[in-house]
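Asks: Sequence:
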Amino acid sequence: MAAVNSRSYLLVTGGSGGIGSAICRHLVTIGVMPIVGYNSNIQQAQNLAEETGGFALKINMDNIDSIKVAVQTIEDEIEDGAELVGVVLGASPPPDLLPFSSLTSEHLLNQFQINVIGSHLLISILIKRFFRGTRSGTIIGILSQAISIENKLPTTGMGAYVIAKEGLKSMLSVCSAEHPWLKIRTVSPGFTKTEMLKVFDPRYLEIMQTKSVFATPEEVAEQIINEIIS
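Numbering (the working numbering), first residue to last: 455 to 684.
Certain hints may be false.
Unchecked claim - Straight-line C-alpha distance at most 25 angstroms; calculated DSS-like pairs for lysine-lysine: (1) K665 x K637; (2) K606 x K665; (3) K522 x K652; (4) K623 x K582; (5) K647 x K665; (6) K606 x K582; (7) K522 x K582; (8) K512 x K606; (9) K665 x K522; (10) K637 x K652; (11) K647 x K582; (12) K647 x K637; (13) K623 x K637; (14) K637 x K582.
FYI, nobody ran anything at the bench for these hints, they're computed from the structure.
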């Protein structure tokens, strides 16, 4: 990452969510002002921006025009001498809890549009407009422990979500191969105490909590901040 100073900004997509909000607050502790990306929760984003000294940014990762307008807004909002130093890809739809054979193209497209297609477009524009000029930039992708890791099979029953997160991982790998000067990292949280847990049956969550401790958004944010500053 470029040298951090009081005029450094970092975009957090899904910045008004549980993990995103925690990331924005932690960024302030390392001297970086957050750009709080949001799609619908404008009040939370504006409150968080006021709290942290950053600014709220409407960015619908499911919409090409919204992404392009958002990047132009960043250029307009960041003052002369300031710098966009990176992006955390935190926006993601909740899992569709369905067996593999029940998934439809709509389920897959919904997950892919935000996690892969929208993220690819955003990164591509940021490289051209911000990162290429300084030959620096940090990109953090939030994956999931639900995906396959080494000899571990993926979690069943949420196929579209898992496939999209695997796609995000591969997309970032390709980006890293073609732009080795970028700092590209991923984190893979397990169950985290956010609103996304509401899609799961409470009885299932009780069982899972006997197997592992659920993380807090702050704990995940700390892990991401460590990746940013390392």
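Asks: Which numbered hints turn out to be false for this structure?
Replies: Failing hints, ascending: 1, 3, 6, 8, 9, 10, 11 and 12.
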